[in-house]
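Undergrad: Chains as they are written, first to last, in the working numbering: chain A, 1 to 360; chain B, 1 to 360.
These are computed hints drawn from the structure, not numbers from a lab. Keep in mind that the hints are not guaranteed to be accurate.
Derived lysine to aspartate or glutamate pairs resembling EDC-like cross-links, with alpha carbons at most 20 Å apart [stated by the list, open to error]:
id, chain 1, residue 1, chain 2, residue 2
1, A, 291, B, 80
2, A, 167, B, 164
3, B, 212, B, 172
4, B, 167, A, 164
Keep in mind that this is a model prediction, so the values were computed, not measured.
2 protein chains.
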Amino acid sequence: MAPPPAAAAAVTQAEGEEVTNRQVILKRYVSGCPTVDDMEVVTGTVRLVLPPGSTTAILVKNLYLSCDPYMRTRMTRHTDDPNFVPDYVPGKVLDNCNVCKVVLSAHPDFKPGDFLWGVTGWEEYSLIPNPVLCNKINHREFPLSYYTGVLGVPGLTAYAGLFEVAKAKKGEYVFLSAAAGAVGQIVGQLAKIAGCYVVGSAGSDQKVNLLKTKFGFDDAFNYKEEADLNAALKRCFPLGIDVYFDNVGGATLDAVLRRMRPRGRVAVCGQVSQYNLERPDGVDLFQLVGKHIRMEGFLVSEYGGDYYRRFEEEMARHLREGKVVCVEDVVEGIDAAPAALVGLFAGRNVGKQVVAVARE
Amino acid sequence: MAPPPAAAAAVTQAEGEEVTNRQVILKRYVSGCPTVDDMEVVTGTVRLVLPPGSTTAILVKNLYLSCDPYMRTRMTRHTDDPNFVPDYVPGKVLDNCNVCKVVLSAHPDFKPGDFLWGVTGWEEYSLIPNPVLCNKINHREFPLSYYTGVLGVPGLTAYAGLFEVAKAKKGEYVFLSAAAGAVGQIVGQLAKIAGCYVVGSAGSDQKVNLLKTKFGFDDAFNYKEEADLNAALKRCFPLGIDVYFDNVGGATLDAVLRRMRPRGRVAVCGQVSQYNLERPDGVDLFQLVGKHIRMEGFLVSEYGGDYYRRFEEEMARHLREGKVVCVEDVVEGIDAAPAALVGLFAGRNVGKQVVAVARE
Chain A
1 MAPPPAAAAA
11 VTQAEGEEVT
21 NRQVILKRYV
31 SGCPTVDDME
41 VVTGTVRLVL
51 PPGSTTAILV
61 KNLYLSCDPY
71 MRTRMTRHTD
81 DPNFVPDYVP
91 GKVLDNCNVC
101 KVVLSAHPDF
111 KPGDFLWGVT
121 GWEEYSLIPN
131 PVLCNKINHR
141 EFPLSYYTGV
151 LGVPGLTAYA
161 GLFEVAKAKK
171 GEYVFLSAAA
181 GAVGQIVGQL
191 AKIAGCYVVG
201 SAGSDQKVNL
211 LKTKFGFDDA
221 FNYKEEADLN
231 AALKRCFPLG
241 IDVYFDNVGG
251 ATLDAVLRRM
261 RPRGRVAVCG
271 QVSQYNLERP
281 DGVDLFQLVG
291 KHIRMEGFLV
301 SEYGGDYYRR
311 FEEEMARHLR
321 EGKVVCVEDV
331 VEGIDAAPAA
341 LVGLFAGRNV
351 GKQVVAVARE
Chain B
1 MAPPPAAAAA
11 VTQAEGEEVT
21 NRQVILKRYV
31 SGCPTVDDME
41 VVTGTVRLVL
51 PPGSTTAILV
61 KNLYLSCDPY
71 MRTRMTRHTD
81 DPNFVPDYVP
91 GKVLDNCNVC
101 KVVLSAHPDF
111 KPGDFLWGVT
121 GWEEYSLIPN
131 PVLCNKINHR
141 EFPLSYYTGV
151 LGVPGLTAYA
161 GLFEVAKAKK
171 GEYVFLSAAA
181 GAVGQIVGQL
191 AKIAGCYVVG
201 SAGSDQKVNL
211 LKTKFGFDDA
221 FNYKEEADLN
231 AALKRCFPLG
241 IDVYFDNVGG
251 ATLDAVLRRM
261 RPRGRVAVCG
271 QVSQYNLERP
281 DGVDLFQLVG
291 KHIRMEGFLV
301 SEYGGDYYRR
311 FEEEMARHLR
321 EGKVVCVEDV
331 VEGIDAAPAA
341 LVGLFAGRNV
351 GKQVVAVARE
């Protein structure tokens with residue numbers, strides 16, 4: 001099917017208008033725990049036009065911003081060895097994988113009114129010269145915000161990490177940390193669907209309750225209330241752990257390695273307990289030797305294209321059938337974004353942290 | 001071919017004689033760096049007879065004791081989570097994979113005069129009720145001591161770790177630590193044969209010189225002389241590292257992870273820099289995420305049987321053709337064993353550390 005001509009697609013009622021554009025910028029590189037003072041919400045303007053002659057640019061209105069712990073790693077300056085995504089730059093707007101609506105488009109694949117998810121700024125309007133990291137939202141029957149979570153990066157991360165990296169199989173013992181978070185809640189439910197025994201840890205009794213009741217985990221514990229992580233894991237896994245989906249690293253990872261079974265696998269997704277430290281905590285990696293444990297990191301960006309589309313259909317089916325549910329923690333307005341991001345590191349969010357900038 | 005009757009095999013000139021048997025015993029569980037005072041060489045006696053009625057026992061005279069850093073991990077008491085090999089017991093003799101000669105045998109596969117390599121005590125004579133962990137030495141054209149090194153556990157460890165775990169391939173950039181040691185020297189030479197670019201680190205200029213001249217590494221450095229490990233690795237690997245054969249862990253592992261290329265692999269063989277520490281050093285494991293690095297431990301015991309025999313023939317061919325050479329550090333007499341073992345942790349050995357208890 002031939003796309004409509006670009007010029008036609010770019011015509012909308014708002015074209016040419018100048019509108020205010022509130023943006024979340026990084027004020028300075030962060031050391032230690034980030035605070036709201038490390039960011040600033042500034043008000044600028046944006047003219048709703050596309051660069052003359054562009055055949056790829058789009059201008060979008062951001063609806064839902066995604067708050068993810070990995071963003072902390074982009075707030076530190078990497079000099080010698082680059083991070084896997086570019087560092088944020090002081091004075092510039094943050095970005096992440098958000099949900100937006102196309103206002104203007106010179107791109108043949110997108111037209112005004114389309115809903116997308118992909119990389120945009122933490123701002124009200126984003127001009128994207130070439131939206132290679134944006135995807136159309138195919139399932140409008142779910143809340144749009146799901147594309148910041150269960151149907152977006154966190155969901156795909158859970159799916160690829162569990163099945164491609166950790167290679168979890170029916171009957172195996174699966175443990176995960178940050179289990180009520182955006183990724184964790186999906187990992188646990190997918191592992192249950194796959195026939196695993198699933199235990200998660202989280203940082204409050206409320207979250208532990210969610211894991212056991214809403215998400216159907218076999219067991220769960222509040223790591224802040226356990227005097228001895230080794231004992232907690234022994235209690236939950238008398239026969240040991242086959243798969244650990246690691247979102248936190250540090251002391252939890254250390255205790256899990258001691259409890260792992262031979263040929264255990266660790267999918268390293270995040271190390272959130274470590275992001276604010278100057279020096280990483282020690283982990284007894286000799287455990288890997290005696291039990292032939294495989295630890296493997298991964299990036300969700302490896303699992304795009306057709307892989308994502310298969311995942312999206314499978315996840316949409318699970319959602320329709322009620323086999324996967326999700327919990328979101330939505331704050332209203334872009335002014336709330338810095339506190340929402342900072343809150344992740346205190347575990348203040350319950351479920352996927354989203355900032356609703358606009359509803360449509 | 002029918003084995004000879006057990007009774008016939010047991011007849012030797014020494015049978016029934018009582019001889020002195022000097023043994024290296026563990027005096028106490030060790031914390032921190034082991035010292036010679038943690039061990040004691042005691043003199044007992046052994047009667048050269050087999051248990052009446054046994055159809056499997058052998059009595060051997062130990063010729064070459066193997067000194068390996070992993071033995072340190074057996075000097076600590078493991079209460080909750082067992083080590084991959086049993087802890088040594090205070091008051092009891094140490095054991096390891098040594099080279100010995102059969103004196104008496106009730107076992108159909110072994111006869112007096114056979115040379116074996118396998119698990120025996122650190123003592124002059126060992127009675128082995130069932131020698132399931134002993135193997136006949138097939139290549140007498142090489143020094144017997146090679147079966148504590150290049151043709152024994154260290155050689156097999158190098159081979160399996162490099163090819164089965166790290167899956168090193170032609171043209172890849174390979175780094176290894178403790179590169180002049182029993183395992184390292186073989187890893188480096190095998191990687192060169194496989195067509196890799198190979199750099200090793202070691203703890204003295206003498207060892208670095210060995211790596212570059214005798215073992216044919218492409219480059220090498222003395223890690224004790226490098227103010228900045230990151231800079232050293234950047235100098236040696238401007239394009240990054242594909243495979244790291246990790247013998248030491250700690251700060252070196254941390255620096256290597258920063259320098260690794262996407263889809264890099266770490267074969268975790270040992271963590272010798274960590275064995276004497278109360279708490280392990282911190283390693284930035286978030287590096288695994290951004291570059292999809294796989295870290296995998298392994299045990300040489302997984303690669304026995306036919307796998308070992310294929311390895312043994314391949315390695316014997318390399319040795320005959322001069323493609324692999326080895327350097328041993330041999331001390332004389334069982335009384336020298338405790339100091340030889342302790343010396344490993346100060347890097348005193350140059351090459352594979354062996355204790356010659358008897359020459360035949």
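Undergrad: Look at each hint and say if it fits the structure.
TA: Results for each hint:
1. A:291 x B:80: Answer holds: residue 291 of chain A to residue 80 of chain B is near 15 Å, not above 20 Å.
2. A:167 x B:164: With Cα atoms ~19 Å apart, residue 167 of chain A and residue 164 of chain B stay inside 20 Å; holds.
3. B:212 x B:172: holds, 18 Å
4. B:167 x A:164: holds, 19 Å
Violated hints are absent here; each numbered hint is respected by the structure.
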